[in-house]
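Listed in order, the protein sequences are those of chains E and Y.
Under the numbering used here, the residues of the first sequence are numbered 30 to 284, in order.
Under the numbering used here, the residues of the second sequence are numbered 30 to 284, in order.
Heads up, the list lumps identical chains together, so a pair's fine if it works in one copy or across two of them.
DSBU-like cross-link-like pairs, simulated, lysine-lysine; straight-line CA separation at most 35 angstroms: (1) K75 with K178; (2) K79 with K277; (3) K260 with K230; (4) K214 with K159; (5) K270 with K178; (6) K230 with K159; (7) K172 with K68.
Just so you know, the hints here were simulated from the structure itself, not pulled from any lab data.
Quick caveat: nothing in here was measured; it's all calculated off a predicted structure.
Residue strings, one per chain:
2 protein chains.
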Amino acid sequence: MIKQPRLTLSEFFEKGDQFYIPQLSIDCVIFGFHEGELKVLLLQWKDSKKWCLPGGFVLKQEHIDDAAVRILQNRTGLNNIYLQQFYTFGDPERARKTHGARKPGDVTGKSWLTERFITVGYWALVEFSKVDPTPDDFSLDCKWWDINKVPSLILDHNAILDKALSSLRIHIYDYPVGKDLLPQKFTMPELQTLYETILGKDLDRRNFQKKMLSMGILERLKERKQGGAHKAPYLYRFDSKKYQLAMKQGLKFGI
Amino acid sequence: MIKQPRLTLSEFFEKGDQFYIPQLSIDCVIFGFHEGELKVLLLQWKDSKKWCLPGGFVLKQEHIDDAAVRILQNRTGLNNIYLQQFYTFGDPERARKTHGARKPGDVTGKSWLTERFITVGYWALVEFSKVDPTPDDFSLDCKWWDINKVPSLILDHNAILDKALSSLRIHIYDYPVGKDLLPQKFTMPELQTLYETILGKDLDRRNFQKKMLSMGILERLKERKQGGAHKAPYLYRFDSKKYQLAMKQGLKFGI
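All chains, full assembly: derive it from the sequences and hints.
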């Protein structure tokens, strides 16, 4: 990993562009799933109290994908997260003047941070009970928000979140989802709950099962889930090799 | 449209960054379809004779989507093309030193163009018999290349092309395709040829028909295609309203 300079907030406003690519930023939309709930991870700025997506800048010699991972870790404490690039936002009205971080009082003159920024969006989907969000020095708080109760965010971050959600929803038709979100052995209703939670709508049980089995990445086990009041449902697990292959090639639903 | 400065090549190397966003470019992958052939539009640099994707830079106050449209029109003459943003390439090894355009002899010192560039990729799919590619002043030639016979391109343009093709192939499972590529009334075999050409593989006739009809955007007409030796096949057309809706919401193949 490329070494990051240690700058005070004033130094960052004054000369950050000596270390970072100008007019380019990264924003991360981290979706959290847990038993029928979909949430998104937001940071709150210390001074303005405004909420935003965890974001940051790209070092001069850094790959943008590596920057996304570093930024997420620095700002929220989350590491080892697979980040999916989904869209780049390039409206000229995206300007720092509506940002949550105020220019420190001792910084005079124009700062590189008040320029227009193009931002590259990444999303990830994590089991939120398994991670421990921790705010960085700039932030008052770092917490999960219910996807339907997100507050007004800085800049165009609400629009970025909407686009990320659309991208995630399309993605689950194209690529397998669930490996790190479900127990190793799971029932078809558990898988359906995951899809329904991401899609935000109910799905037909029989169609869903047919579609899932046709993807060819599920393996039905001989053992059944015990303990319920109803007939014990079958347990499934993902076929690791086929899952990995589908991650690369897409599911394609067989036309 | 924002006014573009008129600069000589030397001026462009020396002070282009007064007008354009530094370290950010746009590259367009234009796929051409015509009766079972898939091609890609490439430009050839005048001085180095190297081939590349049509690309360019973003004006300080310009939306990146507008920049893509302007760049495509300036460099190839193609206009009114719907461009789809697909990926942003941010490897630090993407540097202008391996670019096709040489720095003019009268430009001394470092140029903004020799910095590392992050590039935003856009693709489009056009009926190539309907457009007339025209090279710009920097280019010797602008022509269609068979997708399987693309030469070695500058920088990482071959990798950008591959990624665009993957994106296009995933896209046709998620969104409707064909409106400007097929006659207004077409047969199922004509639609299948379009899909097979884009996917680069043969598809099963019955599965294909079933899948296409299940998307709910096709209307079967009463009239049949005349003139063939075989039984006259049904004609179809796209249901405009449903096609437009599916362009926005995705096809989702009904789970």
